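Q: Listed below are the residues making up each chain.
2 protein chains.
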Amino acid sequence: MSLLERGFPDSEFEARAAGAQALMADLGLDVLLVCTEPEVRYLTGFHTPFWQSPTRPWFVVLPAEGRPVAVIPSIGASAMNATWVNDIRTWPSPRPSDDGLGLLVETLAELVGQTSSNENVSIGLPMGHETHVRMPLADLDVLRERVAPARFVDATEVVRTLRMVKSDREIAKMAHICDVVSGAFEGLGELLSIGMTEREAFKSFRIDLLQRGADDVPYLVGASGPGFDDIIKQPSDRVIERGDLLMFDTGSLYDGYSSDFDRYVAFGRAGADAQRAYSTVWAATEAGLAAARPGATTSDLWRAMADVLDAGGSLGNSVGRLGHGLGMQVTEWPSNTADDNTVLQEGMVLTLEPGLTWAPGRMMVHEENFVVRADGPEMLSRRASSELPILK
Amino acid sequence: MSLLERGFPDSEFEARAAGAQALMADLGLDVLLVCTEPEVRYLTGFHTPFWQSPTRPWFVVLPAEGRPVAVIPSIGASAMNATWVNDIRTWPSPRPSDDGLGLLVETLAELVGQTSSNENVSIGLPMGHETHVRMPLADLDVLRERVAPARFVDATEVVRTLRMVKSDREIAKMAHICDVVSGAFEGLGELLSIGMTEREAFKSFRIDLLQRGADDVPYLVGASGPGFDDIIKQPSDRVIERGDLLMFDTGSLYDGYSSDFDRYVAFGRAGADAQRAYSTVWAATEAGLAAARPGATTSDLWRAMADVLDAGGSLGNSVGRLGHGLGMQVTEWPSNTADDNTVLQEGMVLTLEPGLTWAPGRMMVHEENFVVRADGPEMLSRRASSELPILK
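Protein sequence lines correspond, in order, to chains A and B.
Numbering of the first sequence is given in this note's numbering, commencing with residue 1 and proceeding in unit increments.
Numbering of the second sequence is given in this note's numbering, commencing with residue 1 and proceeding in unit increments.
FYI, nobody ran anything at the bench for these hints, they're computed from the structure.
Remember, identical chains collapse to one label, so a pair may be satisfied in a single copy or spanning two.
Straight-line alpha carbon distances no greater than 25 angstroms define the calculated DMTMM-like cross-link-like pairs of lysine to aspartate or glutamate that follow:
1) 203 with 190
2) 392 with 208
3) 203 with 5
4) 392 with 190
5) 203 with 255
6) 392 with 241
7) 203 with 186
8) 203 with 179
9) 203 with 241
10) 392 with 273
11) 392 with 237
12) 392 with 200
Being a predicted model, the structure only gives us computed values, none of them experimental.
Let the hints inform the model, and build the full structure from the sequences given.
A: In structure tokens form, the structure reads like this:
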């Protein structure tokens, strides 16, 4: 099985389960409960866009030993049966009177039964930063009562620790989608021109990404104009003019793994201030890359980039961080902030995302994707041009 | 402003806020707190795919009178400023030590201050079926403590009641995307052929939808084979053969509003059993449409369809319902089930989705989208062929 083959062999899921179970043991957790798409997919391989429907909750319980157990709506049984999971328990959801709670409580009781007396049972559930519980709050409150005296304990550290470091197969998927997106960005000059609307530009870029091999383009934002500070924007009917800047930022997918980087281009000409801002964020990225090695921290990356931005005359940055983790989601733990202090490890995939405000209401953000390696960063995105590209 | 113009005039948001405030008064709620994408977009118009990043929580508080107040990460300030909201409070997220909680507690206190003494304050928060709270559970628990003695009360009914009935402008957007998707389904014969892989078929269909005018195709599932029962599947490298069935089901978007219907086709020939199954789900849809009028219930729709499916020899259905509401999300309240009993009102947009198992491991699901109107259903999807289409 080549690294780029679709899906993962069972050995990948065995390693994930074993890793989670070791961390669970460290934290004194008897079982782990997850209910969000990335966590369920990470532990089982269950992969469907059906999560966009808010109707039904989905649960996966990882016992202290062995494979995860799926407690899911019957509509998902066939898809879950195609994964390495072999204990699949279903109910006919939607059933608001008991939308899986009874089955989940029963499953939890069974899976902790062998390990502890009920008084001391700890059920791990991610409750921390970057997580949420995807079930109705009224049902969650009932669930907490029904499992008592067992109690839910924060298990963010389990999924965070595991998911932050990527396997070679995960990295291969991300390298592929970053290659596809790099090609599309490098081809913007053939795709875009003065006189197009933002909406037309988005459409042609999205289709180009799919034609080049992206499975999907769930995240695409962008803007055009002499300058702008809304960097999470959807397209308008604004017509691209000579002298405009244009920014696209995309999280495109290959086999369930995401890219996340942006590019700026200018049309016809670019002002000296915009070119200077571009050079500053490009240089900040260089500084971040130079600092990226195992043992350094996300805060070291932040400081290396922030120093260059400050020296470049930044008027500020509304993003709140200078890059983040990348994987199944377009953003993941950790965050490159002044006080995040996550220690970098080999195999972490990160973005560097220095941004600055170069004039009131005008922001420029630069982004690259790379893997932390012992001998220095391995680029996943192809490094942007060191000067602001000017399209004809 | 034509009905199909992008976005909504402020009058639409004024009507939504007034509707919510009337329901809040009925339920004795002093303010309403929402934190999920559709609810925030419904009340404010804030529209970005940035919600795919799990890092930051977003809050909107609707007071008893006046416009909603946004309590959001600073990265969203510029985009929120383009909406009708004029009270925008931001913090530099991500900031795990206080990721908006302090600002939210302060805002809630201020907005309920005029209306009640703290002991009796009820803060509405959707907690029921089809909802979840999109913030870390640990933060939610702290929030509950910090607002005490004020308390959170389930406000599902507020958003459910309002969102179930669509305005003319919302319906115009959905009619447009359903028209685009209908055209793409009708053109499948020119797009697909024996010898393509499922992956190639998905890719060409997704690109075709974008070329025809879909803004995005976030939901696309499908399968091929002599029969299949995984109807939320992603494509494989399976090659389409003569005699295969193929199913595509898509929730495509126009201006933030979704279609949700599927189509089955056969390649070269189709077995009598598959054709009979198709005719049965088609006839069940006719029965559902005949029952769809204001005053009837979702359970009436369910019964009308279930009778036809039972008479057609259905071996079962794993979906759990026979259709649902449709709007900003690919599925919304209500559900067409035996005991849902939601009373249909003019302007509700629903899917009918009868499905049956026609042989072990072989399921067929048919789906159409329509508006409930006084003089009978107004189709949004163009009615499928009454017989299983057989492509060359």
